[in-house]
Every structure is written in C-alpha cells, then in structure tokens.
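Q: Using the sequences provided together with the hints, build the complete structure.
So the sequence lines, in the order shown, correspond to chains A and B.
All letters in the first sequence, in the order written, are residues 2 to 399 by this note's numbering.
All letters in the second sequence, in the order written, are residues 2 to 90 by this note's numbering.
Treat the hints with care, as some may be off.
Simulated coverage check for chain B against chain A, where a stretch passes if three residues somewhere in it have a Cβ under 8 Å from a Cβ of chain A [to be verified]:
hint: 1; segment: 55-61
hint: 2; segment: 79-88
Beyond 12 Å from chain B on every Cβ pair, some chain A residues (computed) [claimed, not checked]:
hint: 3; residue: 73
hint: 4; residue: 248
hint: 5; residue: 251
Computed list of chain B residues with no C-beta within reach of chain A, every gap over 10 Å [stated by the list, open to error]:
hint: 6; residue: 4
hint: 7; residue: 7
hint: 8; residue: 19
hint: 9; residue: 29
hint: 10; residue: 50
Worth flagging that the hints you see were computed from the coordinates, not collected in a lab.
These figures come from a predicted structure and were not determined experimentally.
For every residue, glycine included, the Cβ atom is placed at its ideal position computed from N, Cα and C.
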Amino acid sequence: VSHSDGRVLIVGGGLIGCAVAWNLARNGARPKLVEQHELNSGASGRNAGSLHFQIERRFLESSDAADEQVARTAALSAAAIGDWRNLERELGANVGLHMGGGLMVAETESQAVLLELKVRTEQAAGMQTQLLGGREARKLCSHLATSVIAAAYMPEEGHADPCRVTLAFARAAVKLGATVCTRTRVAALSASRPGGFSATLVSDDTSRTESFGQLVIAAGAWSPEVGALLNVHLPLFPVALQMHATESALPLLDHLIQHVGARLSMKQTDAGNILIGGGWPSCLAQRDGRFELARRPQLRFESLEGNLEVARSIVPAVDQLRLLRTWTGSTAVCSDQLPIVGAINRLPGCYVAAGGSAFTLGPTFARLLSESLGGKTPELLGLTSPARFDHLNQFMGR
Amino acid sequence: MRIEVANVERGECVAFSVDGVSCTAYSGETIVAALVNSGHVHRPNLFCNMGVCGDCTVQVTWPDGTVRRVRACLTPVIAGIAVRRIGNL
Chain A
2 VSHSDGRVLI VGGGLIGCAV AWNLARNGAR PKLVEQHELN SGASGRNAGS
52 LHFQIERRFL ESSDAADEQV ARTAALSAAA IGDWRNLERE LGANVGLHMG
102 GGLMVAETES QAVLLELKVR TEQAAGMQTQ LLGGREARKL CSHLATSVIA
152 AAYMPEEGHA DPCRVTLAFA RAAVKLGATV CTRTRVAALS ASRPGGFSAT
202 LVSDDTSRTE SFGQLVIAAG AWSPEVGALL NVHLPLFPVA LQMHATESAL
252 PLLDHLIQHV GARLSMKQTD AGNILIGGGW PSCLAQRDGR FELARRPQLR
302 FESLEGNLEV ARSIVPAVDQ LRLLRTWTGS TAVCSDQLPI VGAINRLPGC
352 YVAAGGSAFT LGPTFARLLS ESLGGKTPEL LGLTSPARFD HLNQFMGR
Chain B
2 MRIEVANVER GECVAFSVDG VSCTAYSGET IVAALVNSGH VHRPNLFCNM
52 GVCGDCTVQV TWPDGTVRRV RACLTPVIAG IAVRRIGNL
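A: Pasting the structure below:
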C-alpha cells in the first residue's frame with residue numbers, strides 16, 4: 002500500500018478527533034475514526050465547557066512564562082475565538098454556544114496586582130482584555146460579591162455544551178463521508194517502509210488490519226499508550242478533576258467567571274444550571290501501583306467543599322441553590338503544561354493532538370492539524386510542536 | 002399526564018398561575034402534571050419525572066408569600082401558587 006492512497010486514521014473520538022474528521026472530510030478526504038469506547042466519553046464530554054481565552058491562572062503561578070510564549074498563546078486564543086464564533090453556523094448545529102464575556106476576578110490587593118500585570122501582558126500581545134474595578138465588574142455582573150475589587154474582562158469568553166460539541170462535529174463529518182467506528186480499539190500499529198501505517202483494529206467480534214497514509218493520535222490521556230504502539234514517548238500525564246452542577250435557577254450569570262487567586266470557573270447553562278469547576282482534583286484510580294484510566298476517578302470531598310466555598314464567596318446567590326450533580330473526569334497534562342499538537346518528525350505521516358486545553362482550543366487545534374496533514378506548517382502550532390520532546394525519543398531507535 | 006376517561010373521580014379544581022397566566026388543575030396532581038395539562042410544558046421536555054434529574058425545577062411563590070424552588074414532578078399543586086418556569090422547561 003502506498004503513501005499516496007491518502008487514507009487517514011484518527012485514533013480517538015473526542016472533540017479533537019471528531020473535529021479533525023470533519024475538517025478533513027470537508028476538504029474531500031474520507032478519514033476513518035476509531036474510538037475504543039463511545040464518542041465524547043473522555044475529557045471532551047466531562048469538562049465544564051468553559052471558553053476561556055484569558056491567560057490561565059496556572060500559567061501566572063509559574064512567573065517566568067516567556068513573552069514569546071504569551072504572544073503565541075494569545076495568537077492561538079484569537080484564532081479560537083474566530084473558530085468558535087463560526088462553529089454553529091458551519092456545523093449547522095446548536096452546541097449551546099454562548100460568548101457573552103468572561104470575568105477573572107481578584108479579591109485581595111496582591112491578586113489585583115497580579116491581574117493588572119496579566120492584563121498588561123495580554124494587551125501587549127494584542128488581546129482585548131480590560132481591567133475593571135469592583136464596581137464596574139458588578140455593573141456587568143450584578144451578582145458578584147462586594148469582596149471583588151478588580152476583574153479582567155474579555156468580551157469573547159463564554160461557554161458551550163460539552164455534551165453537544167463533539168457529537169455535532171462527528172455528525173457533520175459522517176455526513177461528508179467520514180467513517181466513525183466506536184467500540185473499536187487499535188491493537189497494533191506499525192509504520193510501513195514506503196510510508197504510511199498499518200493498523201490492527203479490534204471491535205467486539207472482528208479484528209482486521211488496514212493500511213493508512215496518515216495517522217492522527219487524538220486519544221487524550223490514552224495518547225501515550227497509542228504512541229507506545231509506534232515506539233514513541235509522548236510525555237503526557239493523567240490528571241483527574243471534578244465538577245459540579247446546581248439545580249436550575251432563573252438567569253443569574255451571563256458571564257464566565259474565573260478567579261485569579263483561586264480555582265474557580267462558573268457559568269450558567271441555557272437550562273439554568275450553574276456549572277462550577279476550575280481545576281479541583283479528584284482521585285485517579287490505581288491498580289498495582291499504576292494509574293488506571295479505565296476506571297472513573299474517585300470524588301474528593303475536600304475538593305467539593307473547597308470549590309463550592311469559592312463559588313459561594315464570589316457569587317453569593319449560588320448559596321441558595323441545591324447541588325444537583327458532581328462528576329469526575331480525567332484529562333492529560335504535559336510536563337511543560339502546554340498541549341502537544343503537530344507532526345511527529347521521526348514518524349512521517351504521524352500527528353498528535355493531546356494534552357489539555359482542548360475544549361477551548363480544540364476546534365482550532367483540529368483545523369490547524371488538518372492543515373498540517375495537507376502539507377502546510379501552520380505557524381500557530383509552533384508553540385505546541387511535538388518536536389520539543391525529540392530528546393525523549395533519541396534513544397528509541399527507528 | 003391526566004387519564005382522560007369517563008367516570009374518573011378527580012380532586013377539587015384549584016386555580017394557580019404560570020408566569021402570570023391563570024390556569025386550573027385538579028387537587029392531587031403534581032405541579033408538572035398541571036403544567037403539562039395547561040399546555041405550559043411540552044411533555045418530551047421532562048426527563049425523569051421522579052425527582053432525580055432536576056430538569057423540572059420551577060420557582061414557586063406560595064400563598065403565604067414564601068418563594069422556593071421545587072422539583073415540579075414531586076410537588077402537589079395547591080390553590081393560589083404562582084409558578085415561574087426556569088431554563089428550558
């Protein structure tokens with residue numbers, strides 16, 4: 002089988018995998034996507050749906066985020082804003098998209114100083130963030146507590162429904178000729194001599210080996226296992242988080258709310274529920290001293306209490322709402338906190354997109370990765386290139 | 002959500018309101034049954050109808066003036082309540 006047959010295998014039926022399938026299919030390709038469980042069953046469907054374009058709190062903690070990195074992150078965010086704006090129209094689907102603005106709040110003087118520095122950095126990188134005082138912030142969002150003394154406002158932030166986005170991509174991709182196989186596992190992968198890959202795909206009752214011209218690994222926290230099938234290290238580490246939904250309430254929050262000094266994300270869905278998250282840990286399952294992704298992470302009660310306490314202190318009205326659901330999910334984080342998206346140089350035709358931030362940036366990563374598969378080298382993926390980990394693979398042989 | 006056959010004995014007719022519009026229901030029905038029967042809620046929008054999903058949460062002003070959110074599928078309708086729909090209901 003020659004490289005030129007051009008068939009693409011996508012491993013992973015999350016947001017990125019389904020969005021890559023759609024991008025390729027609309028350019029006339031007939032990609033095949035395989036997913037070991039069901040579509041959207043991993044982090045893509047279990048996150049809290051924030052579209053956060055401001056620099057994340059976790060990047061402010063490590064003080065020396067280089068200017069160049071901030072500029073490149075800002076450029077990715079700007080691209081993502083454009084991609085989300087057009088998404089519902091292009092997919093012909095309602096994905097619960099709401100881009101009504103986002104506020105990252107500060108309660109103490111030192112947090113306000115950090116926020117001001119953040120806004121200056123963002124503005125220098127061309128982002129539209131504005132610094133507001135507490136009163137101005139409460140003018141935008143009347144339910145913010147009086148303890149909020151400053152807020153960074155970005156008009157494009159918001160949220161979308163994680164239960165709908167991936168499936169909308171998948172449906173649109175299938176309509177354009179993509180093939181989606183769920184409950185199908187990749188049992189073996191090998192690079193063929195003239196280029197291309199052969200993959201052994203196993204479902205309940207069948208096992209078959211097929212050839213593909215190109216391969217996309219978009220398996221989230223499972224991506225290192227897929228990489229191992231090709232003798233490649235991908236330095237991604239599983240992380241377990243938990244999120245909460247309150248009962249529905251009358252309209253209360255039109256904005257995405259985050260906190261510069263505490264883990265918090267809050268938004269109100271169109272059904273009226275308040276979703277509360279912000280990166281509070283749950284507990285990864287383990288067996289024989291190893292983390293086990295196949296089992297659901299365990300809830301941490303301290304995280305539940307802590308998260309709800311921050312939510313209550315910033316939007317006191319949620320104190321009146323009953324907690325309806327708490328759920329856990331796992332994602333993956335890379336050793337340098339940036340996602341890994343791009344071509345794997347040592348394996349021509351093999352691409353990867355994994356490592357977190359992939360709800361907000363997922364549609365953009367998928368679009369850019371599809372351009373890479375088409376032979377381009379998108380500048381925006383410079384920041385996330387797998388090439389930065391070539392040193393980890395230098396002893397892996399060919 | 003109301004069996005329409007002859008010779009059914011129903012509770013007394015009670016008046017209440019939904020988003021300011023006056024309606025009636027029979028005592029013994031749940032608020033959600035009353036909302037469906039008065040045409041305010043499309044039945045497929047109800048998910049579990051047994052108190053688990055919370056999708057039928059409404060805000061109710063009771064005759065004594067207290068305001069509470071309740072699951073409409075578990076709460077009997079009574080005379081004089083003012084129901085306010087929330088979200089997608």
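Q: It remains to establish, for every hint, whether it holds in the given structure.
A: Consistency of the hints with the structure:
no.	hint	in the structure
1	55-61	holds (count 4)
2	79-88	holds (count 3)
3	73	holds, 39 Å
4	248	violated, 5 Å
5	251	violated, 6 Å
6	4	holds, 29 Å
7	7	holds, 38 Å
8	19	holds, 14 Å
9	29	holds, 25 Å
10	50	holds, 16 Å
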